[in-house]
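Enquirer: Each chain, written out:
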Amino acid sequence: MSTRAAPLLEASDSSYKLRKAKDRLIRGLCVAFTLLALVPLFSVLYYLTARGIGGVNLAFFTELPRPVGETGGGMANSIVGSAQLVGLACLFGIPPGLLAGIYLAESGKGGLAKVIRFTADVLAGVPSITVGVFVYSLLVLTLGRFSMLAGAVALAVLMVPTVTRTTEELMRLVPEQLREAGLGLGLPRWRVTLKITLRTALPGIATGIMLAVARVAGETAPLLFTAFSNRFWNDGIDQPVSSLPVQIYTYAVSPFEDWHQQAWAAAFVLVVFILILNITARLLVRHRVKGR
Amino acid sequence: MTRHTDREYARELDLLRERVLLMGSKVEAMVGDAMQAFHERDTQLARATLRADHEVDQLELEIDERCLKLLARRQPVASDLRFITTSLKLVTDLERVGDLATNICERTLELSLEPPVAIDPRLPRMAQLAQEMLADALNSFVQSDAQRARAVVERDALVDAAYAETFPALTQRMVTEPDAAQRLLSVGRYLERVADHATNIAEMVVFMVEGKDVRHTFHAVRPMDS
Amino acid sequence: MNLEPAEPVVTAPTPKVKAPSAPGGAEEPSAPEVKLSAEDLRARFGTTQVLKGISMPIEARTVTAVIGPSGCGKSTFVRCLNRMHEVAPGAVVEGRVLLDGQDIYGAQVDPVLVRRHIGMVFQKPNPFPTLSIQDNVLAGLRLNGTRVPNPAEVVERRLRQVALWDEVKDGLDRSGTSLSGGQQQRLCIARSLALEPEVLLMDEPCSALDPIATARVEELIHELRADYTIVIVTHNMQQAARVADTTAFFYMGELVEYDQTDVIFTRPKQRKTEDYITGRFG
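Protein chains in written order, with our numbering: chain A, 1 to 292; chain B, 1001 to 1226; chain C, 2001 to 2282.
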């Protein structure tokens, strides 16, 4: 036995080297393509920063846009408008998304659940401009004007499927044993769902919602048909409102060099906002987990 | 009975059974040889039997060891537990029977130095009864036969009665031939004890088979000392 | 509570007889108090019959072990005892379970309340990960909306009861999941005890624990026996032999034998029991 074992150990030397080489090759390819994938990402960030940061000043955050020909001015109304739109969208979109997710996770086995799940999946894949057109016919045409309400509804519709599926997935990740523990302690089912399952899944759900918010914050297409744009401060929920993405679009396609500069600055600010939103979400989760 | 799922365990139990049987047959043979040597004043056979006791002692140690290992490593329960604990106790009785056989041989050697004496006719009868009881007890163990074991227990009374008869006759001879009478009386007592040990073994077999402890319950059935 | 039904004792395959008090003892042979009693209990998942009519009285303040091969219905049985079985989709229970003579499957009975009287400890320790050690102990009370007037006292009392106090008293704010497996299981027992149940069901409580942690839990079971009626499911026969007063052997959804633990492990009456506990099973 030992006489055979020794040569076996040594004979593997060449094949061992070959295996090692293959391993290095595959590993190298993985790293190379990862870097390749990161190139566009970082070049976008770099380009935005390089082109946009020059246009960012105090006036950009505090002043209204100036008419064509006048230099200076800012995008204060678009920044506030975007915040309002996203805030309202959260108000409309998160509760139904969250509740639907809870329903799917906790009792989602019947036909109704299948329909909801399928619908959510389809909705998540619908191009955002379609949602814009839908809300246009639903609200803009019936109310007779573009409005913040319509814009917020369009964004909310985009949020719902993401929130629903995130909630469902994360609630499902909560081990069955915890639900059993709750039921075994004589808690009614609804308390188990709220105080144990949802509570355990909450950090993850919060991150998911933050990511959904970040996504809709950058949406342009659905807003073109709904919230439209406004050169001045928004006048009310039933009035058109300016938003950063739409403003970027408008300025970018304009023939004026001055507006192009403003568009770069706005794009830069938008990306920074989304970045902050993402990082906050992650920090929040990490904090929660550690603190508990 | 169905086989054990763990065949190694089954083998260990089988081996234990074999060793106990081997020890039983050796002890049986020792008693037979001792009585033959006693009757025929065969000092050579008596000495051979004395030497055989060593093997029996070794078997006792080995079986003890096997039982302890099985208890520690297998945590036996139910019939296995009863079998192993029975074996553990059974070998003590067997070893004592072996010792009694050597005692008979010692008395035989002592008697062989003196002129032949008249052997009380009740002694061979006792010997025969005790040997039969021992054989039956061991057979009941092998075959897990509780009925046969119970029969052994009941026969103990006969040996006791025979010994009770021998006693006054031999005490009378004490006056004329004190040394011989003393030795014959001892042999009688040894045989009575062999029967007692056979009874113990039989009672253990009943427990092993039925899970019922019948020790100390037969006294009422025994005829009162006659 | 009063308990009339004498018939369940008869329907059990081997009528449970309290071990006679020490021979010659002067003790009055008082009638054993039946705490919990299954009567012709049947359970199924959809069309799969898991329990085929179990009748089994369980005496107050004893430890009863339920043993049997996987799939014999032992887990389902204890889950029926506090109405946890019906929680699973498609699960149906028929028959009766009497707690102090009252049917917990009665039309007027709220399963949620049943579970507060009959606590349960599960196979895998399952403290709530979002709650601290002390909040875990109080979870059953607080999550039910019960105001706990002196929480610190309850926490200390229950943690002492499960012999965990000295190990965790300096870190009551830490997460329940930061404890070792054995500690977590004792925390879960403390959490159940905080609801002051009369019966404690344990579904293989030590199967995820190492031998020392197991010994701790078993020691705890011995202590709890004075005040609680405990039913423990275990696939570890030695554990049943160590902790239980009475042992029930289940096979294919039926109660094969139910007797004093020492009888089961030294001289079982049924061939099936004998074969199972000695390891002669197919």
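No wet-lab data here; the hints were simulated from the structure. Nothing here was measured: the structure is a model prediction, and the numbers come from that model. Don't be surprised by glycine CBs; every beta carbon is placed ideally from N, CA and C. The reader is advised that the hints may include incorrect statements.
Unchecked claim - Quick list of in silico lysine to aspartate or glutamate cross-link-like pairs, EDC-like style, CA-CA up to 16 Å:
#, chain 1, residue 1, chain 2, residue 2
1, B, 1212, C, 2262
2, A, 195, C, 2135
3, C, 2052, C, 2110
Unchecked claim - Simulated DEER-style distance windows between Cβ atoms:
#, chain 1, residue 1, chain 2, residue 2, range
4, A, 107, C, 2109, 48 to 58 Å
5, C, 2270, A, 95, 34 to 44 Å
6, C, 2109, A, 109, 54 to 64 Å
7, B, 1022, C, 2252, 40 to 50 Å
8, A, 194, C, 2270, 40 to 50 Å
9, C, 2178, A, 169, 53 to 63 Å
10, C, 2070, A, 278, 15 to 25 Å
Enquirer: All hints are to be evaluated individually against the structure, with a verdict given for each.
Expert: So, going through the hints one by one against the coordinates:
1. B:1212 to C:2262: Holds: residue 1212 of chain B and residue 2262 of chain C sit about 13 Å apart, inside 16 Å.
2. A:195 to C:2135: Holds. Residue 195 of chain A to residue 2135 of chain C sits at ~12 Å (cutoff 16 Å).
3. C:2052 to C:2110: violated, 25 Å
4. A:107 to C:2109: 48 to 58 Å: Given a distance of about 23 Å, which is not inside 48 to 58 Å, the answer is violated.
5. C:2270 to A:95: 34 to 44 Å: Hint violated: Cβ distance 60 Å, outside 34 to 44 Å.
6. C:2109 to A:109: 54 to 64 Å: violated, 26 Å
7. B:1022 to C:2252: 40 to 50 Å: The hinted range 40 to 50 Å holds for residue 1022 of chain B and residue 2252 of chain C, with Cβ atoms some 42 Å apart.
8. A:194 to C:2270: 40 to 50 Å: Holds, at about 48 Å.
9. C:2178 to A:169: 53 to 63 Å: Distance hint for residue 2178 of chain C, residue 169 of chain A is violated at roughly 26 Å.
10. C:2070 to A:278: 15 to 25 Å: Violated - the Cβ-Cβ distance for residue 2070 of chain C and residue 278 of chain A, about 48 Å, lies outside 15 to 25 Å.
Hint compliance for this structure: hints 3, 4, 5, 6, 9, 10 are broken, all remaining hints hold.
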